[in-house]
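What follows is the residue order along each chain.
There are 2 protein chains.
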Amino acid sequence: MGRNLKATYLIETSYNPEDAAQIMAGEQSSGTFLRIPGETDELKARHAAKVTRVEPVGEVARPTLKGSRQMEGRPIQRALVELNWPYENVGSNLSNLCATVAGNLFELGPFSGLKLLDVDIPEEFTKQYKGPQFGIDGTRSLSSVFGRPIIGTIIKPSVGLSPVDTAANVKTFIEAGLDFIKDDELMGDSPHSPFEERVDKVMIEINRFADRTGKKPMFAFNISGDVDDMLRRHDYVLEQGGTCIMLSLNWVGIAGAVKVRKHAQLPIHGHRNGWGMFTRSEVLGMAFMAYQKIWRMAGVDHLHTNGIRNKFCESDESVIEAVKACLTPMHNGYQVMPVLSSGQWAGQAVDTYQAVGSTDLMYVCGGGIVAHPGGIAAGVKSIQQAWEAALQGKTLEAYAADHHELKQALSFYG
Amino acid sequence: MGRNLKATYLIETSYNPEDAAQIMAGEQSSGTFLRIPGETDELKARHAAKVTRVEPVGEVARPTLKGSRQMEGRPIQRALVELNWPYENVGSNLSNLCATVAGNLFELGPFSGLKLLDVDIPEEFTKQYKGPQFGIDGTRSLSSVFGRPIIGTIIKPSVGLSPVDTAANVKTFIEAGLDFIKDDELMGDSPHSPFEERVDKVMIEINRFADRTGKKPMFAFNISGDVDDMLRRHDYVLEQGGTCIMLSLNWVGIAGAVKVRKHAQLPIHGHRNGWGMFTRSEVLGMAFMAYQKIWRMAGVDHLHTNGIRNKFCESDESVIEAVKACLTPMHNGYQVMPVLSSGQWAGQAVDTYQAVGSTDLMYVCGGGIVAHPGGIAAGVKSIQQAWEAALQGKTLEAYAADHHELKQALSFYG
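Sequences listed follow chains E and B, in order.
The numbering of the first sequence is the numbering used here, which starts it at 725 and goes up by one.
The numbering of the second sequence is the numbering used here, which starts it at 725 and goes up by one.
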């Protein structure tokens, strides 16, 4: 990571890929659709984006996305393209960085596909954006969990529980030994569960438990909303002794999240709901590698990555890659804790650990805990046992031999 | 528009479309991947999202997006689905509204395609979100343009001009008669064109022109960035007599834009760069109909729609639909002015007017002005003449007979 801004794309085009890459570079720096008077050679030398790599990676029979301009008689090629911008074009501004690497590119005429795969954010940005305030280490300290994943759940049903019912669930969860609980992303500040009342009721249980045991489970309260409301809600959570706030990143947006980060004294749990829209097309949108860098720069402490064998369409390979991306240092730090959730239960623990090689993750199970035939406490135990097996290098089946709750889980969910 | 939240989707699935729609509704309200204890019938009756329409619209031979679960032997159907949520689930919170209608849906296993087409935002939201402060009428008043489109341009080259060079261009543009000028979305507050210095230099020219002529051309300064910086920059523009600020909506995000709106005393020019990512797949992401409603609710006064015969991949039909969507009242108001740009020159004026039937739009030309063979002043004249032709019900060719600049434009760009 140097002073320049660099981005990598997968493109699909019937143009010569070199020419197509030059069009991208022109459009995203000095150009327009016609050569214009002020675009001097000197200005271009200083500010034009440079194409630093074009590597064809295959052909397709038909254009994947509609509407592109097709060059008669030419193959439709896919290629990796790397563009490079001088830092001076952008300045240390995340919105402008995104407008540059992910702006008016996706619709350009020559492309029947264009996906941002990766971005190298200039080191200069670290002066403006300090990144995650707590990261992995701070989250472990706050929740008193070391040497194993932070095991958590989501309040379900997502919508409809009163603050009192939510708190009753929380009591059950934390007495069962859970480290972490989160609001569902659908639950914010709604008439049937006003934010402050939910915090009050939930924190009574958590504080009571912490006083008794010395361990304070972490609850991520979804403060997503308008800026002033988010700051006020953050303060409210802090005052009641809470230790985490949650944001729906794609809907709060970068500026809102950065503002919360600057104000916050609590870790930010970054929920990526809506993410499928950005990434499910293999030739459109943004890959997680780029996405997680932008959000780490914005200062998010935890980031959802999905888990293996999830209920979504994402492959295990892609999930593992996402978790590893989060665990790779950026600018010598910018720690973010990957959050594995969606269809998770005891069954994925060993394979996850083997694939990822780290316990620096949050392992969040909804139905994987609450639907356990032995009840919630047994559900929690089954997950804990599964991770014990993983850390001891045992198979789930072997470990289940003398761990009843894990055994029940394997036969019920397996 | 009543009290409920409603959203329409295009889905693609090998499941029975009815079943698939029920999965969407469950996932986005009370459910998880398994039936769980707290999901009582009473809670479901109050909070479950309802499927209010399922209309098959065709079949495809292969799943469009990868990774979905396929039902053996069943056709892959596309269908329109309408879901309906009680207002009580969400509360008046745009982030939560988006998490509900556009959250963890796009990745759900049964779907090889899922696109949000439209959303009906509950009237209750109008108490919290006042919408565009200036809209069409306020923008016309500020820029003194009535009875015809506001004609504008973008500073080009997008990147690289110093504040002094930018101001020199502005001087040329406004003396040539342009109503509106905007920063390129790539230009924010960069080392080679610091924001305040650019405002200073540009506003000297604009104020001088306004003092002399009584008409103040509108310049949309791109204030996109972190919240405090945006508010400070807004104030700076206002202090210098500027009349418009611009946001890169997708990167500033909803919370940031709403915060700017609450603070602002100037219209917000909403730039949608990156939009292609959301919409270019026919079966993924979000349609403009939904997008423009969300941003009008957030309070954006102008919104980019693309123009016909643009340099992007969007069809003319889609562009016209987008312009009309902006011009359709929402909650009895929430006026937003559509901004037609990209590859625009004199040539599209008559067809645009015939298709849209309104002059309530901004017509923004880059190369269509500055690359005109007669120079910038002639470029501006050619656009004005083209719109005169449109309003007089004449063809461009007929009007060009005694309008030299238009004639030049037709032979150069045509």
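Check each hint, because a few of them may be wrong.
All copies of an identical chain are treated as equivalent in the list; a pair is satisfied when it fits inside any one copy or across any two copies.
Unchecked claim - In silico EDC-like pairs for lysine to aspartate or glutamate, Cα to Cα no more than 16 Å straight-line: (1) LYS790 - GLU812; (2) LYS768 - GLU779; (3) LYS986 - ASP952; (4) LYS986 - ASP953; (5) LYS730 - GLU848; (6) LYS730 - GLU847; (7) LYS774 - GLU812; (8) LYS790 - GLU1006; (9) LYS1118 - GLU812; (10) LYS986 - ASP959; (11) LYS768 - ASP889; (12) LYS790 - GLU1041; (13) LYS790 - ASP1040; (14) LYS851 - ASP1040; (15) LYS768 - GLU812; (16) LYS940 - GLU899; (17) LYS986 - GLU796; (18) LYS925 - ASP889; (19) LYS730 - GLU806; (20) LYS1048 - GLU751; (21) LYS774 - ASP844; (22) LYS730 - GLU812; (23) LYS1048 - GLU783; (24) LYS986 - GLU899.
Derived by calculation from the structure, the hints in this document are not laboratory data.
Going through the hints against the structure:
1. Taking CA atoms no more than 16 Å apart as the test, LYS790 paired with GLU812 passes in neither setting, with 35 Å inside one copy and 39 Å between copies.
2. For the identical chains of this complex, LYS768 and GLU779 are neighbours neither inside a copy (24 Å) nor across copies (53 Å), given an alpha-carbon limit of 16 Å.
3. For the identical chains of this complex, LYS986 and ASP952 are neighbours both inside a copy (13 Å) and across copies (10 Å), given an alpha-carbon limit of 16 Å.
4. In this homomeric assembly, LYS986 and ASP953 come within 16 Å of each other (Cα to Cα) both inside a single copy, at 15 Å, and across copies, at 13 Å.
5. For the homomeric pair LYS730 and GLU848, the shortest alpha-carbon distance inside one copy (13 Å) is at most 16 Å, but the shortest distance between copies (44 Å) is not.
6. In this assembly of identical chains, the alpha carbons of LYS730 and GLU847 lie at most 16 Å apart only when taken from the same copy (12 Å versus 44 Å across copies).
7. In the homo-oligomer, the alpha carbons of LYS774 and GLU812 lie at most 16 Å apart inside one protomer (14 Å), although the nearest pairing across protomers, at 51 Å, exceeds that limit.
8. When the C-alpha separation of LYS790 and GLU1006 is checked against a cutoff of 16 Å, the pair qualifies both within a copy, at 14 Å, and between copies, at 8 Å.
9. For a Cα distance limit of 16 Å, the shortest separation of LYS1118 from GLU812 qualifies neither inside one copy, at 54 Å, nor across copies, at 47 Å.
10. Taking CA atoms no more than 16 Å apart as the test, LYS986 paired with ASP959 passes inside one copy only; the shortest distance there is 13 Å, against 21 Å between copies.
11. In the homo-oligomer, the alpha carbons of LYS768 and ASP889 lie at most 16 Å apart only across protomers (15 Å), although the nearest pairing inside one protomer, at 63 Å, exceeds that limit.
12. In the homo-oligomer, the alpha carbons of LYS790 and GLU1041 lie at most 16 Å apart only across protomers (14 Å), although the nearest pairing inside one protomer, at 28 Å, exceeds that limit.
13. When the C-alpha separation of LYS790 and ASP1040 is checked against a cutoff of 16 Å, the pair qualifies only between copies, where the shortest distance is 13 Å, while the shortest distance within a copy is 29 Å.
14. For a Cα distance limit of 16 Å, the shortest separation of LYS851 from ASP1040 qualifies neither inside one copy, at 36 Å, nor across copies, at 44 Å.
15. Within a single copy, LYS768 and GLU812 get their C-alpha atoms as close as 13 Å, which meets the 16 Å cut-off; across copies the closest is 55 Å, which misses it.
16. With identical chains, the CA atoms of LYS940 and GLU899 are at most 16 Å apart within one copy only, with a shortest distance of 11 Å there and 67 Å across copies.
17. In the homo-oligomer, the alpha carbons of LYS986 and GLU796 never lie at most 16 Å apart, since the shortest distance is 53 Å inside one protomer and 51 Å across protomers.
18. Only within a single protomer do LYS925 and ASP889 lie at most 16 Å apart by alpha-carbon distance; the minimum there is 9 Å, versus 60 Å between protomers.
19. Proximity of LYS730 and GLU806 under a CA criterion of 16 Å is satisfied intra-copy only: 7 Å inside one chain copy versus 42 Å between copies.
20. Taking the shortest alpha-carbon separations for LYS1048 and GLU751, neither the intra-copy value of 33 Å nor the inter-copy value of 28 Å comes in at or below 16 Å.
21. For a Cα distance limit of 16 Å, the shortest separation of LYS774 from ASP844 inside one copy, 14 Å, qualifies, whereas the shortest one across copies, 44 Å, does not.
22. Taking the shortest Cα distances, LYS730 and GLU812 sit within 16 Å of each other inside one copy (13 Å), while across copies they are farther apart (45 Å).
23. In this assembly of identical chains, the alpha carbons of LYS1048 and GLU783 never lie at most 16 Å apart, being 29 Å within a copy and 38 Å across copies at closest.
24. In this assembly of identical chains, the alpha carbons of LYS986 and GLU899 never lie at most 16 Å apart, being 34 Å within a copy and 44 Å across copies at closest.
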